[in-house]
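Novice: Sequence:
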Amino acid sequence: MPIGKTYPPAAILLAICVSGLNLAAIAQEILPSPPRDHSLVYYLNSHNELAPFPFESGLTSLNYQKPAKATRVGFIELKGDHATTVFETPAPRIFLFASHHPGSHPPFVVLLTAGRDVRRVKAVVQQGMSGFAIESEQIIKPNLRVLDAMGEEVFMEIRPRVSLIPGEYAIIGDDVARIATFRISAGKQ
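Going by my numbering, the first residue of the sequence shown is number 39, and it counts up by one from there.
Among these hints, one or two may not hold up.
[Said to hold, decoys possible] In silico lysine-lysine, PhoX-like type, Cα no more than 25 Å apart, as pairs: (1) K179 with K107; (2) K104 with K160; (3) K160 with K117.
Hints in this document: simulated from the structure, not taken from any laboratory. Here the structure is a predicted model, which means the values were calculated and not measured.
Build out the structure end to end from the sequences listed, making use of the hints.
Specialist: Set out below in structure tokens:
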């Protein structure tokens with residue numbers, strides 16, 4: 039708006055709103071460069087820097103490392119009431135490296151069921167196959183965004199398609215000994 043000209047209040051309000059939307063769009067488009075350590079799972083912290091999630095070790099009675107003799111349903115359990123990483127926003131930005139081979143998938147973001155001193159997710163082993171699957175109702179459907187491709191790996195952002203409800207969550211790949219966990223607080227929803 040040129041200086042010295044009088045504008046109606048509605049035009050001024052509209053200009054302020056459009057400027058605010060432009061700033062919000064710029065803030066959302068921060069795309070980090072791939073970090074050196076490809077084995078970690080990261081989130082964008084309050085300083086817009088990548089920070090690694092701590093890993094927890096899960097426990098399961100399912101023998102998922104060999105082809106299953108029968109289809110079985112069990113749980114992957116994590117000790118403790120809460121994850122140490124807490125988000126007050128219902129849409130955390132998660133970054134990781136994943137293989138882009140046909141048939142492979144990135145780790146799942148799952149909603150954990152909290153109990154007394156334990157958090158868990160239902161898992162299934164299928165007859166004749168190794169590995170495990172997560173109960174589909176507990177998987178958070180993601181939007182995947184590939185930021186960089188490096189050989190057989192891609193660096194990607196995983197965002198939930200919908201705002202997450204307060205609760206305990208995990209990012210589970212193919213190794214129950216390395217599970218990244220976080221909590222969405224009931225704070226700023």
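Novice: Between the alpha carbons of K104 and K160, is the straight-line distance 25 Å or under?
Specialist: holds (19 Å)
Novice: Does the structure keep K179 and K107 at a Cα separation of 25 Å or less?
Specialist: violated (30 Å)
Novice: Hint check: K160 vs K117, CA-CA at most 25 Å. Holds or violated?
Specialist: holds (15 Å)
When held up to the earlier numbered hints, the structure conflicts with hint 1 and nothing else.
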